[in-house]
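Student: This is what each chain is made of:
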Amino acid sequence: MRREIPIIITFLTGFLCVVAFFIPHPPFGGLQQRFLIWYAIIAGFTMVLGLDSLVKYNIKKIVQRKQGWQYSYVLLFGLVLVLVTGFQSWFKYNTPFELRSSFMYSYIHIIVPLQATMFALLAFFISSAAYRAFRARTFEATLLLIAAAIVMLGRVPIGKMIWDKIPVLSDWLLNIPQLAAKRGIQIGVYLGGVVMSLRIILGIERTYLT
Amino acid sequence: MKLLDRLANIDRRLIFLTIGFVVAIPIILKLKMPIRISSEVRSAYETIENLPGGSVVLASMDYDATSAPELTPMFRSFLRQCFRKKLKIVYTGHLAIGLPLAQFDLDAITQECNAVYGEDYINLGYRPGYTAVMIGIGREIRDFFAVDYKGVSVDSFPIMKGVHNYNDIALIVDFAHGSAAEYWIQYVVSRFGVKMFACVTGVMAPTLYPYLQAGQITGIIGGLQGAAEYEMLVGQPETAAFGMPAQSIAHIAIIAFIIFGNIGYFVMKRKK
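Chains as they are written, first to last, in this note's numbering: chain F, 38 to 247; chain C, 22 to 293.
Worth flagging that the hints you see were computed from the coordinates, not collected in a lab.
Hints are supplied without guarantee of correctness; some may be wrong.
[As the list claims (entries may be wrong)] Cβ pair distances, simulated, as ranges:
1) C:Ser200 - F:Gly240: 46 to 52 Å
2) F:Phe82 - C:Gly41: 40 to 46 Å
3) F:Glu242 - C:Asp128: 46 to 52 Å
4) F:Gln104 - C:Ser60: 48 to 54 Å
5) F:Val111 - C:Asp128: 28 to 34 Å
6) F:Leu206 - C:Gly41: 26 to 32 Å
7) C:Glu161 - F:Ile241: 32 to 38 Å
8) F:Ile222 - C:Ile46: 37 to 43 Å
9) F:Arg102 - C:Glu133: 15 to 21 Å
10) F:Ile213 - C:Gly183: 52 to 58 Å
11) C:Asp32 - F:Thr154: 35 to 41 Å
12) F:Leu112 - C:Arg33: 26 to 32 Å
All C-beta atoms in this analysis are idealised placements derived from N, C-alpha and C, irrespective of residue type, glycine included.
Based on the provided sequences and hints, a complete structural model is requested.
Tutor: What follows is the structure, encoded as structure tokens:
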């Protein structure tokens, strides 16, 4: 029964959601809305699970002195800091998002600069990777290289300053060859998605139970 | 020939240093460049321009600080355009860590435009559930957002009077650095027929062109270039327009490195 009950729940939920899409009238429309609300509530609880898992993993790492255990202290400190400032701001201002709150202070002065710095580093690594990877080794690689250079120039003002047809060429590349490939890939992906959904609803695909 | 050989193996620290310089110098020198307005950005701008005053626009903040340089200028220009047009903004988001960032800009622009909370705009906050929330709003927004981000009942605000589902929303604008824009199109636009345009990072923009060409969205504002174009259209160029010379010269530097690498590669290949 440990396998059958989840499969029955999955089948009924999936089937009702498909029916509600075509018949959004009572009782199906209401049922679907109820399922969506349940989904949102369950999604909220998954964050608690994630928190539990994160704390346990990092405490274990510190206790066992695994490689990089010192960073776990930083992570746990950050976690506690955000929780404490979040709750303190919530009690004081009814929301953590009040600009004068301690949560927003830590958000603007710690989280934002850290995230921005991490992402800004990408500019350097992408430049280095482009230099190493974009080699005209084959005909296809050469085509890719030329297309990338045109789009890179066409998407910035200097492209038009060099030659006014570069943005036109860039738009053509984005709107014709790029779209053709993209559509082909997307149609394949979504057909695969439909097939996988049907397999899950009908109980053929059961790997999610393990 | 030794120099040509070296071109194939430039020290990556030199690449890092060059990129650092070419980004910093145009910003320090405050260089300016003419900005061409693309059809997809103009179309997004005109979508808002063509809305009658008082229409409700749903803005979804699905980005965080990692993409702020690209998306924040779009959001600020969007707020200015909407408030000038006397449109009502209902705003939410599917990225818990991103919403406070939007709050920062929202506070600044609402003060600049004298917009009143609860009348001209409302912050509904974050709810977990992602696509479930998107679809659920199609029936009744209060099923997911009974209160605003401060826990006050949404029915106590004039802006929410008569706003129940997508029939009452004239436009959706998604500010996203991930797949959120695609989800809005697939789960909401195609199902409920509501108008939408997307403000996304440069990396994500090509993903949305099929939807633009199919007429499922009315425009794309993509990357720093798109943000700069939008700033120009709204008439208040800020950080995006200011950043375009740096991005332009950085692109030239990357292309130069690629050319050097290929010269070195062919020289070494010929030797072998």
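Student: Give a verdict on every hint.
Tutor: Checked hints:
no.	hint	result
1	C:Ser200 - F:Gly240: 46 to 52 Å	28 Å, violated
2	F:Phe82 - C:Gly41: 40 to 46 Å	45 Å, holds
3	F:Glu242 - C:Asp128: 46 to 52 Å	48 Å, holds
4	F:Gln104 - C:Ser60: 48 to 54 Å	53 Å, holds
5	F:Val111 - C:Asp128: 28 to 34 Å	30 Å, holds
6	F:Leu206 - C:Gly41: 26 to 32 Å	30 Å, holds
7	C:Glu161 - F:Ile241: 32 to 38 Å	35 Å, holds
8	F:Ile222 - C:Ile46: 37 to 43 Å	39 Å, holds
9	F:Arg102 - C:Glu133: 15 to 21 Å	53 Å, violated
10	F:Ile213 - C:Gly183: 52 to 58 Å	44 Å, violated
11	C:Asp32 - F:Thr154: 35 to 41 Å	23 Å, violated
12	F:Leu112 - C:Arg33: 26 to 32 Å	29 Å, holds
Checked against the numbered hints listed earlier, the structure breaks hints 1, 9, 10, 11; every other hint is satisfied.
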